[in-house]
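Novice: The chain contents come next:
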Amino acid sequence: MSDEETVEFLATVPLLEGLEDAYLAELARSVRRRTVREGQLLWRQGDRAREMLFVVAGGVSVSQHLPGDRTVEMAEVGPGDTLGEIALLDGGGNTMSVRVTEEATLLALDRVDFAALLARQHPAAFTLKRRLAALTAARLRVLVRRLALSLGDEPPGGAAGAAEAFADLETCGPPDSKYVRRMATFHEFDPLALWGFLTAGTYVRCPAGRTLIVEGAPSEACYLTINGAVEKVLVRGDCRIRVALAGPGTAFGYEDLIDGGGSPFGAISRERALLLVLPRDQFDRLFNGEGAGSRVFLDVIQRDLVTSLRQTLRPHARLAASV
Amino acid sequence: MLAHRAGRSRTANSGRASGHYDPWVCRVLAYLGRPLPVRNLLFDPDNSLVRQSYSPRMMNTFLNLAGFGMQAWDPTSLRPEDPFTYRVTTLPSFDHNLRSLSSKLAPTCLIAHVRGVTYSSDAIVTDSNLHPFRFGDARIVLAHNGHLRQFSSMRYALVEHVRPGLVRHIEGNTDSEWIYALILSQLDDPYGLPETRELADATANALRILRKVRAGHGIDTSSPVNLCVGTGRAVVATRFSFDYGWYPGEDEMLETDLPFVSLWYTIGGEFAELDGGWQMTASNTPRSAIIASEPLTTDDTTWLEVPEYSMLTAEVTADGLEFETRDLDV
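Residue numbers (my numbering), protein chains in the order written: chain A, 1 to 323; chain B, 1001 to 1330.
If you are wondering where the hints come from, they were derived from the structure by calculation, not from laboratory data. Where is the CB? At the ideal position from N, CA and C, for every residue including glycine. One thing to keep in mind: the hints can contain errors.
Stated by the list, open to error - Simulated restraints on C-beta separations:
no., chain 1, residue 1, chain 2, residue 2, range
1, A, P191, B, G1249, 42 to 52 Å
2, B, H1217, A, E290, 29 to 39 Å
3, B, S1103, A, M1, 19 to 29 Å
4, A, R240, B, E1160, 29 to 39 Å
Stated by the list, open to error - Counterexamples of contact, computed for chain B against chain A with all Cβ distances above 12 Å:
no., residue
5, T1076
6, E1250
7, W1264
8, P1286
9, I1290
10, T1298
11, D1300
To be verified - Computed cross-link-like contacts, EDC-like style, restricted to lysine to aspartate or glutamate with a CA-CA straight-line distance of at most 20 Å:
no., chain 1, residue 1, chain 2, residue 2
12, A, K178, B, D1201
13, A, K178, B, E1198
14, A, K178, B, E1255
15, A, K178, A, D190
16, B, K1212, B, E1195
17, A, K129, A, D3
18, B, K1104, B, D1137
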């Protein structure tokens, strides 16, 4: 596979679609081509992430381990798909085990080159970050959908009711910035960027038990928990699955702002909460911008998405294990 | 698990008064199932409980060096209803007696605990503060991972909720010992062997009392209460926090408490060494379960996280192990 052929292939990968040739050419120089026999384990769930893979040809299965030496098949992927980028984004272990099911040709991008590609001050790097956010959101939706199917029925309606519930919440001033700075979410913000972020929205106090977002409904804002906790939940009658818990420094309600697919889950305050409300226009400005503030904001959203996805894997594993 | 020196109190209403918290973070472990050498839990796995005492993978802002304790039930021992008790303030990693004992004991139920403490001139490291707690001949023991903020300002309001006969057993100055007394006080017979459901209800009721007393004293800051309560036949565990996500100003424990205090479990046939690593073996019917503050193996793929705000019960039955998790709304 020549460099030109590699660039041609990369241009067909949905994650990279539309990126300029020069950026793809640089990526092509960083990847290593590899042919892997059927049956070979590429990595095991929990292994430290070393690379992401582009599947050029062949087939690969993705599976999740469960207690009692069991596994559950999660997906089959093929040409044009990517693997391993989630764990590279947060530095954690690989979320699933990956095995070749049909002799595969792969392009491998190691973690250092992956990080370098994203760290560039280039419009394509911002585009790639946004694509990765959309890809992570899509994977999150697949997992949440699997959980929802276990509950059976379609989600209840009531989006208007939730919007009204939000409208009557008490507004308040911003929190102590010293407290906010101690949250891991904001460690990478310089003081000016943090001030810009904290003043981009409004603050509301919310009692426990309030439905803030209805599953499937469009979202008009991104919310960040400053104090308290909000549950991301799937509810069907008396049955409910908590997908994740948004505690201090954790966001919710933004998936629809990224891909327009509606909220993948509902949001209900578990504790009384202090929330930063970032309206859609402010979210769009930060998410689609290319300045220093947008760089950090994209990283925060990306990390939040990966955390949310990892949290979603836990009820999925419990459900699959039936314990 | 939190211990306060008497007389050090905080402003009851604000929860933000200046002052000092004794920020202890511990590690708990519960085992229920087939007979298992204690060393397979305390020493052998690559993230064993003893290893967690000096090298925790999670919540690693604190070390757990203020003592070790365990209560273990062996049906083949004399008076099998009484657990074997071992509690010392020495470091478990250097405790040759513990290492030797753990190779000889193979209980069917174990509750163990390593106690954490950060450096503080107020810290009280003493036998009476060691977990798991057990009053006299009680059939129930308790270990706690967490801390009730501003406990010193609410401690004596708990007296009215504890049976008089139990109050006199409280020897230490930890919040955990009071939680234990509260749970026993909710049982028909504090010294009897309760049904698992009764023990679970007593634990939930004790948390309700704590919430009520906290509210009465204006205490509204994050207070994790991860409990492991054992009887030899059953284990009740909680992953819970009051007012999660709310902290006093300038809080020393903030970075530790921002994440919900962790609790994990694994369940299967038996905990065994397979392919060089420790894990639960496959089994159509669960026979053994481990509940722990963090997985006992660095490969945590066969461990599941206990959901936040939940209670977990495990009970030995004729057909194996009955295991249940439920939302804990108190």
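Novice: Indicate, hint by hint, whether the structure satisfies it.
Specialist: Hint-by-hint comparison with the structure:
Between P191 (chain A) and G1249 (chain B) the Cβ separation comes to about 19 Å, which falls outside the hinted range of 42 to 52 Å. Under the hint 29 to 39 Å, the C-beta atoms of H1217 (chain B) and E290 (chain A), about 51 Å apart, miss the expected range. As the Cβ distance of S1103 (chain B) to M1 (chain A) is approximately 57 Å, the hint placing it in 19 to 29 Å is violated. Between R240 (chain A) and E1160 (chain B) the C-beta distance comes to about 36 Å, which sits within the given range of 29 to 39 Å.
The beta carbon of T1076 (chain B) is kept farther than 12 Å from every beta carbon of chain A, the shortest such distance being approximately 27 Å. With 12 Å as the threshold on Cβ separation, the claim that E1250 (chain B) sits away from chain A is violated: the shortest Cβ distance comes to roughly 8 Å. Listed as outside the interface, W1264 (chain B) is inconsistent with that label: its C-beta sits roughly 10 Å from the nearest C-beta of chain A, within the 12 Å cut-off. A beta-carbon of chain A is positioned within 12 Å of the beta-carbon of P1286 (chain B); the least distance is around 7 Å.
Taking the minimum C-beta to C-beta distance to chain A, about 10 Å, the non-interface status of I1290 (chain B) is violated against the 12 Å cut. With a least beta-carbon separation of about 8 Å from chain A, T1298 (chain B) fails to lie farther than 12 Å from that chain, contradicting its non-interface assignment. Some Cβ of chain A comes within 12 Å of the Cβ of D1300 (chain B); the nearest lies about 6 Å off, and the non-interface call is violated. Annotation: proposed proximity of K178 (chain A) to D1201 (chain B) is violated, straight-line Cα distance about 41 Å (limit 20 Å).
Distance restraint check for K178 (chain A) and E1198 (chain B): the Cα-Cα separation of roughly 45 Å exceeds the 20 Å cut-off, and the hinted pair is therefore not satisfied. With a C-alpha separation of about 13 Å, the suggested pair K178 (chain A) and E1255 (chain B) falls inside the 20 Å cut-off, and the hint holds. At roughly 13 Å between alpha-carbon atoms, K178 (chain A) and D190 (chain A) fall within 20 Å of each other, so this suggested pair holds. Under the criterion of a C-alpha separation no larger than 20 Å, the hint pairing K1212 (chain B) with E1195 (chain B) is inconsistent with the structure, at around 26 Å.
With a CA separation close to 24 Å, the supplied pair K129 (chain A) and D3 (chain A) exceeds the 20 Å bound. Annotation: proposed proximity of K1104 (chain B) to D1137 (chain B) is violated, straight-line Cα distance about 24 Å (limit 20 Å).
Of the numbered hints listed earlier, those contradicted by the structure are 1, 2, 3, 6, 7, 8, 9, 10, 11, 12, 13, 16, 17 and 18.
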